[in-house]
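**Student:** Line by line, the protein sequences give chains A and B.
Our numbering numbers the first residue of the first sequence as 1 and each following residue consecutively.
Our numbering numbers the first residue of the second sequence as 1 and each following residue consecutively.
Some hints could be false.
Below 20 Å or equal to it, Euclidean Cα-Cα: the simulated PhoX-like pairs (lysine-lysine) are [what the hints assert, rightly or not]:
(1) B:K65 to A:K361
(2) B:K431 to B:K369
(3) B:K25 to A:K362
Footprint (simulated), chain A over chain B, 3 or more residues, beta carbon under 8 Å [to be verified]:
(4) 58 to 65
(5) 69 to 78
(6) 139 to 153
(7) 323 to 332
(8) 376 to 390
Residues on chain B that point at chain A, a partial pick, calculated with CB under 10 Å [what the hints assert, rightly or not]:
(9) R108
(10) E111
(11) A171
(12) V174
(13) L177
(14) L178
(15) P211
(16) Y289
(17) D353
Just so you know, these hints were derived from the structure itself, not from any lab.
From a predicted model like this one, the values you see are computed outputs, not experimental measurements.
Don't be surprised by glycine CBs; every beta carbon is placed ideally from N, CA and C.
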Amino acid sequence: MSPSQLTRLILPETVLLIFALAVLMGCLFIKSRHILGALTLTGILAAAACLPGLSQTAPGPYLGMLLNDAFGSFFKVTCLFISGIVVLISMGYRSLDERSIGEYYFLLLTGTLAMLLAVASNNLLMIYVALEMLSLICYFLAAFFKNDGYSSEGALKYFLFGALASGIMLYGISLVYGLFGTLDLSAIAAMLSLGQVNTAAAALILVLVLAGLAFKCGFAPFHMWVPDAYQGAPTAVAAFISVGPKAAGFAVLLRIFVSGFSALYIPWTNLIVIISVLTMTLGNVVALSQTNIKRMLGYSSIAQAGYILIGLAAASSLGTQSVLFYVFVYALMNLGAFGCVILVSNSIASDTIEDYAGLYKKDPVTAFLLTVFLLSLAGVPPLAGFLAKFLVFAAAIDSQLIWLAAAGAVNSVIAAFYYIKVIKFMYLHEPVPGPVLRKPPALQLALAITLTLVLAAGLLPHLFLNHI
Amino acid sequence: MALPLLSLITFTPLAGSLVILFLPKQKVPLIRWVATAASLVTLALSILLVVRFSQTQTTMQFEEKALWIGSINVWYHLGVDGISVGLIFLTTLLGFLACLGSFGIQTRQKEYFFLYLLLCTGMLGTFLALDLVLFYVFWEIVLVPMFFLIGVWGGPRKEYAAIKFFLYTLAGSVFMLLAILALYFKSSPHTFSIPELTANAGLLPLAFQIPVFIGFYLAFAVKVPIFPFHTWLPDAHVEAPTPISVLLAGVLLKMGGYGFFRISFPVLRDAAHFFAMPLALLGTINIVYGALVAMAQTDFKKMVAYSSVSHMGFILLGLASMSSTGLNGALLQMFNHGIITGALFFLVGVLYDRAHTRDLNAFGGLGAKTPVYAGLLIFFSLASLGLPGLSGFVSEFLSLLGTYPVFKAVTMLSTVGLVLTAGYFLIMLQKILLGPLNPKWSNLADINRWELGTLVPLGILVLVVGIYPLSALQYQAAAITDLVQKVAGVAF
Chain A
1 MSPSQLTRLI LPETVLLIFA LAVLMGCLFI KSRHILGALT LTGILAAAAC
51 LPGLSQTAPG PYLGMLLNDA FGSFFKVTCL FISGIVVLIS MGYRSLDERS
101 IGEYYFLLLT GTLAMLLAVA SNNLLMIYVA LEMLSLICYF LAAFFKNDGY
151 SSEGALKYFL FGALASGIML YGISLVYGLF GTLDLSAIAA MLSLGQVNTA
201 AAALILVLVL AGLAFKCGFA PFHMWVPDAY QGAPTAVAAF ISVGPKAAGF
251 AVLLRIFVSG FSALYIPWTN LIVIISVLTM TLGNVVALSQ TNIKRMLGYS
301 SIAQAGYILI GLAAASSLGT QSVLFYVFVY ALMNLGAFGC VILVSNSIAS
351 DTIEDYAGLY KKDPVTAFLL TVFLLSLAGV PPLAGFLAKF LVFAAAIDSQ
401 LIWLAAAGAV NSVIAAFYYI KVIKFMYLHE PVPGPVLRKP PALQLALAIT
451 LTLVLAAGLL PHLFLNHI
Chain B
1 MALPLLSLIT FTPLAGSLVI LFLPKQKVPL IRWVATAASL VTLALSILLV
51 VRFSQTQTTM QFEEKALWIG SINVWYHLGV DGISVGLIFL TTLLGFLACL
101 GSFGIQTRQK EYFFLYLLLC TGMLGTFLAL DLVLFYVFWE IVLVPMFFLI
151 GVWGGPRKEY AAIKFFLYTL AGSVFMLLAI LALYFKSSPH TFSIPELTAN
201 AGLLPLAFQI PVFIGFYLAF AVKVPIFPFH TWLPDAHVEA PTPISVLLAG
251 VLLKMGGYGF FRISFPVLRD AAHFFAMPLA LLGTINIVYG ALVAMAQTDF
301 KKMVAYSSVS HMGFILLGLA SMSSTGLNGA LLQMFNHGII TGALFFLVGV
351 LYDRAHTRDL NAFGGLGAKT PVYAGLLIFF SLASLGLPGL SGFVSEFLSL
401 LGTYPVFKAV TMLSTVGLVL TAGYFLIMLQ KILLGPLNPK WSNLADINRW
451 ELGTLVPLGI LVLVVGIYPL SALQYQAAAI TDLVQKVAGV AF
C-alpha cells in the first residue's frame, strides 16, 4: 500500500510515541505534574482523534503484521479510553512522587502504544513483542513506589511470574512456527482448515501459547501475582494493570481463537469452561476474606475475568459480542472503583476496608460513587455490570452451556457478599473522625465520566452495542 | 388515550426521589412533604387506573411499548390486567400510608425518603412489566433500597438482617435470570415478551418446562416465602423499621405470588400441572408450620412475621388447585393479606413507639388503658384469622374451597392451620389486652389521630371486601377465567 496510506494507519501509534518522548524529555525541564499530565492527556486525545475510521479499513495487513478492522478499532478505542482515565486518575493521586512523574507518564504512554499494537496484530510474533513490551512497562509501574516494600514485592512477583509465562509463550510460538512454517494467524487458520497440519500437535502448542495469555489476564491457575501486585502497586497503576493488559489479553485471545486457531475453537470450549469456573470460583471465594480493599479488588478482577471467559466459551457471535461489551464495561467499573479508592486513600491514608466505616458521613459523594461501581461489579440492575453479565449468560445458554451459566450465577451471589461488605461499612457504620482533603478536579472528572458511562451503558446499552 | 398512565404510576415516585436528592438534608418537613406528595399522586393515579379499568376485557390494558435494547429484542413494555390491577392499588395505597408512617423516622430522613421512593418505583414496575428483562430489572431494583432501609434504620440486628435479605433474594433471582434466558432462546422468534411467550406456550415440551419452572420457582419461593426458603423473613421483618415492615409484608411478598400468576402458570403450563401436588403440600406446610412457630413467639413483631408465612400458604394452595375458585381465592388472598398484615405491622409499630418493647409477656391489661388501639387490634386480628364478615375469610375460604376437590387431605390439614391461627392471635390478644395492667404502662397514650389515619382506610377496605367480596373479585374474575383456560385447569 502507498506510504501515505500506511502513515495514516500508523498515525495513532506514532503520535503516542512522539508524545511519550516529549513527556520524557519535557520532565527534565518542566517540574509541574499538572502540565506533564495535561501533556500526556493531549497525546492520548490526539491519538484517539487520529484513529483511522472504519471507512479506511485496508483489505490486508499493513507492515505485514497489523490489521485495521472493526474488532481492532473497538479495542483501540477501549485502550485509549482506559489510558485517558488512568492519566486523569494519576493526576489526582497525591502519593505519586513528583520527581519521577515524567517517567510515569512516559511509561503509561508507551504502555498504551504497546496495547494498540497488540490488539491490532495478526501475527504471533507481533503479539508477543507488543505484550512483552506492555508487561515490562507494567512491571516498572508496579514497582513505582521505590521505597515501599510492598510495591517492590508485588512487582517482583509480577515480574518473575510474567517472565516464566512469557518464556512458555515464546516456546509455544516457536513451536507454532516449526509446525506451520508461518506465524500469521490467517495463514494458520487456512492451514488448519485444509487439514494440512496435525491438529493434536497444534492443540498442544496452543496450550503453551495460552499459558502466557492466561497469566496476562489473570486466569486461575496463573493468578497468583494479582493480589500482591495490586496491593503493592500505586493505586493508579493497579487500576491500569487491572484493565489494560486484560483488555489487550482478551483481544489477543479472541483473535487467536476466532481468526487463528478457529478450527480448534469448538473442541476447546471444554477447557475454557473449566478455566472459567476455576477462575470465577477462586477469585470470588478468596475475595470473601480480604481486609485490604485493593487486594479485594484484585481478586474481584480475577473473578470478573472468569465471567468474561464464559462469553469466550460460548464460541458464537453473541459470545464474542458479550465479551467485547463486558471488557468495555469492566474497564469502566474497575477504573471507577479504583478511582474512588484513591479519593478515599488521599484522605485517610489507608486501604483497609474497616477504615471505610462511616464514609457516608465524611464524604457522601465518594461513598455514593463507590457504591454505584461496586453494585455494577456485583451485577445489579439497572447498571452496566448487570447487562454485561446478562449478555454473557445469554451467550452461554444459547450455546447450551447451562451449567456454566449456572456456575456464573452462583458466583455472582457469592461475589455480592464482599461488594456489599464494603457498602455496609461505608453506610451502616459510624465514622472515625478525620480530615477530608479537597478532591483533585482531574480525579473528579475521571469519576464523573466513568459514572455517567456506567449508568448510560446500563440504561441505554444500544448506544454501545450498536458499535460492537 | 394519550396519557401514559402506567409509566406515570411507575416513575412518579422516582421523580419524587430525584427531587429529594437535591433538597438540603436539614429541611426535613419539606422532604417529608415532597415524599408524601409523590406517593399521594401515585395513589391518585392508581385510583384513576382502577376506575378506568375495564372488568370484562381479558387482554392487557393501558399497554405501553417502546424498543429498549434492539439487538436482543428487549422492549419497555408495560401493561395491566385483572391480575395486577388489585396489586397496583395495594402497592400505591400501602406506599402512601407507610410514607405517612415514616414521619417517625428521626435520622437521615433525606436518604430514607430517597430510598423509600426508589423502592416504590421498583415495586410498581415489577407488577406492570410485561417484558421479562424489564420484570427482572425492576425485581432487582427493589433489593438495594431495601438493603439500606433495613440496614440503616433497623433494629439491633439490622446489618445481619439486611445482608441476609439481600443475598437470599439475589440467590433466588439469579436462577430466575437463567430461566428467563432459557425461555428466550427456546422461543422463535427469540422474545422476552410475556404475552408472546404465553401465546406460544403450547409449543414448549415438558422436559424443558420443568427446569425452567424450577428456576422461576426458586426466585418466587424466596420472595413468597415458601418453606424452607422463609428464614430471611423473620429477621428482615423484625429488624426493619415499622413502615418498611409494612411494605415488606404488604407488597414484597406479593411479588413472589404475582410471579406465579404472571409467568410460571401461563407460560409453563404442563410444568404447573406436574408440580401441583408439591405446591399444595408446600402450601400446607407454610400454613401449619408458620402457625405453629407463630404460636411459640414472644416477640410481637416476629409473631406477625410468621403469621405472614402462614397466610401466604393459602396462596400456594389456591394456585395448586388450578381451579377458578382457588385461583380467585389465591389472588384475593394476596390483596387481603397485604392490607391486613400491613395494618398489623402498623399496630405493632404503634405499641413499640410507646413502650419500646415488643415482648408479649411484658404487656397486659391494655384493653382498658388504650381502648381505641385495643379495638383496632382486635379488628385486624379477627380479620387475619379469617372471621366471616371480614376480608380474610373470603380469600381463605375460596382457596380451600377450590383446593378441596383436588387435594382433599391437604385441604383438611390446612384447615387445622385455621384453628392454629385463631389460637395464636387470641393468645396474643389475651397477653396484650386482657389481664392486669402492668404498672409500667400506666401512662401509655392511646393511638393518636395520625396513626389512626393510616389504619382507618385499611379497616374500611377489610370491611367492604369482607361484606361485599364482589367489589374486589369483579376486577380479577375475567383475568382468572382466562388464566384457568390457558392453564387447562378446572373451571369450578
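**Student:** Out of the numbered hints, which ones does the structure contradict?
**Tutor:** 1, 4, 7, 8, 16, 17
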